[in-house]
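Residue numbers (the working numbering), protein chains in the order written: chain A, 1 to 404; chain B, 1001 to 1272.
Incorrect hints may have been included.
To be verified - Calculated lysine to any residue pairs in the SDA-like style (CA-CA distance at most 25 Å, straight line): (1) B:Lys1180 to A:Lys327; (2) A:Lys327 to B:Glu1135; (3) B:Lys1180 to A:Gln35.
Stated by the list, open to error - Short, incomplete list of chain B residues facing chain A, as computed with Cβ under 10 Å: (4) Glu1135; (5) Lys1180; (6) Ala1267.
Treat the hints as calculated values from the structure; they're not laboratory data. Glycine included, every Cβ here is placed at the ideal spot set by N, Cα and C.
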Amino acid sequence: MPEAEARAAALPDERGHFGPYGGRFVAETLMGPLQELEAAWRRFRDDPGFRAELDRDLACYVGRPTPLYPAERWSRRLGGARIYLKREDLTHTGAHKINNTVGQALLARRMGKSRLIAETGAGQHGVATATVAARLGMRCVVYMGAEDMARQAINVYRMRLLGAEVVEVSAGSRTLKDALNEALRDWVTHVDDTFYVLGTVAGPHPYPALVRDLQAVIGREARAQILEAEGRLPDALVACVGGGSNAMGLFHPFLEDEGVALYGVEGGGEGLASGRHAAPLCAGRPGVLHGNRTYLLEDADGQILPTHSISAGLDYPGVGPEHAWLKDTGRARYVAVTDEEALEAFHDLTRTEGILPALESSHALAYAMRLAREYGPEGVILVNLSGRGDKDVHTVAAREGLAL
Amino acid sequence: MSRIGERFQALREAGRTALVPYLTAGDPDPAATVPLMHRLVEAGADLLELGVPFSDPMADGPVIQAACERALAHGVRLRDVLDMVARFRERDAETPVVLMGYLNPVEAMGYAAFAERAAAAGVDGVLTVDLPPEEAGELVAELRPRGLDPVFLAAPTTSEERARGIARQAGGFLYYVSLKGVTGAGHLDLGDAARRVEALRRVVSLPVGVGFGIRNPEAAARVARVADAVVVGSALVERLAREGEEAAVGWLASLRAAVDEADAQAAAGGSP
């Protein structure tokens, strides 16, 4: 293994840094609780009892391993590389988010916490948190931007059915970043009994590492499955990037496989030139938000800008710090796909394979369509189908002028 | 010695507790800030904390979030706040001013440029809420040589070991956040705050200010008995927003009177 990549795989350092990114930029009140969380994760992640319980839950409750599906008809139609889909849409609750919440909830219980809080954008992480809270009999509060609540009404109701309290956040841009602010405020007020289940590979250390470790099950399975199916590693991995948890979960076990290209696809909204997008890695610059240093969409004075993406799960002005580092080192490439292109891919996959992808995942699919032609028929491309699209049916219909 | 150090020394010699009001720069509008700063000094403020508006004030409750949104709507940015301090200095060379805000606007300006401009404007201290000492080395290295005090927070969750680390980096005074929560939340537990401040004094030689949750003259007076400075933010900003400048200034004067009385009782050896 090349030395540089061995180093990349060993990050973050003990202060939670990925090169210049990451770290722990929070008010003093949260420093103690974050150190406590880090110590607990170090202790339990390799603990045989904890691992066994987590593995059992992933198998019996989440439904792992998820299949690696060869999308043969779609591949033929695109006339290029063989495309495989990692079917995270087939997990319990319908998205990869549950891999993380199952693990964090077990950790919370071992730490003696009785109350779970979470932020959510598309609602998938909120649903996944409410789900594990219901199962473990824990109280659950989910913070969600007012705008996201309107466009993801079904997920809001799902969370309430599961017994969670959903709190509408009307501050700022009324989306995911504001929900995250509010969750941090809740945590700082209730640190004694509350565990903050952060949904992505961002936030203060140890969250980027903790969430990545829990999501890396995606990449570990996919690596073994593609070796089984093709007898070799893929040429490229493709995943959408909002905060970046499904992408990091897929990429991480492949970081040392030099021959595998990594593509992270950001929400290009109405196009990067329009300024209405959610693509900090493509069009932002480094700064500090939500506890970590990373690429951000901000103005010249360091104020965070509103973002736009048709997909609520990508509508975030920051990104996990490890992605920032992979961008700078050149190990992964980050690109953007517009709302329009994502919608085309959504329809294309639905009609060709009978699989309704989430709008987030549709961004990865759209970019895979382009790559398929580049790589040609000898190529093998593995796409993370991070979630199912049922939650987006209303958004797609509205876009096409239909009221359901 | 810095202006903050001199001010605390003079107060200590006089047996007085500092009163430190916070206001968000540019709230309710940019023209109001500098005159209001002067009026707060006249009403008895010993130091001023001037909030730098930020789009995502994660450690602030609804009152200061709203103040930030009002200021940002008027286009108030970090450079405008520095201009306000420079204008304040035209008439007041004595009262220390501490900027309180979040790291990203400072990152965007650049640490060296920020320190240079802040010192030139007459700023005395910088409290960056989301910059704990572990990450603060680079900024502190730019602030100190220019005579700017890096002010840090301590909290109920701060261990003695962490307090020692904070003490190594901190300048001016230490700001003890007297409750678990965001600015403006609930009411503080004075007994607990007193014990914590006492513990902090064993590891920190700087003056200790106490803030978060002080909502009336009685609470200010009780805090004055244990702290070197009483910091009030949300309660003042809320009054300013709801009742206007007269009421806000008058309220601060009532806190001044309560704190002075507590100081006088302490000097006379009186019990609370």
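Results for each hint:
1. B:Lys1180 to A:Lys327: Distance of about 37 Å is beyond 25 Å: violated.
2. A:Lys327 to B:Glu1135: Answer holds: A:Lys327 to B:Glu1135 is near 23 Å, not above 25 Å.
3. B:Lys1180 to A:Gln35: 16 Å, holds
4. Glu1135: It holds, given that the least Cβ distance between B:Glu1135 and chain A is near 5 Å, below 10 Å.
5. Lys1180: 6 Å, holds
6. Ala1267: 32 Å, violated
The structure shown violates the earlier hints numbered 1, 6.
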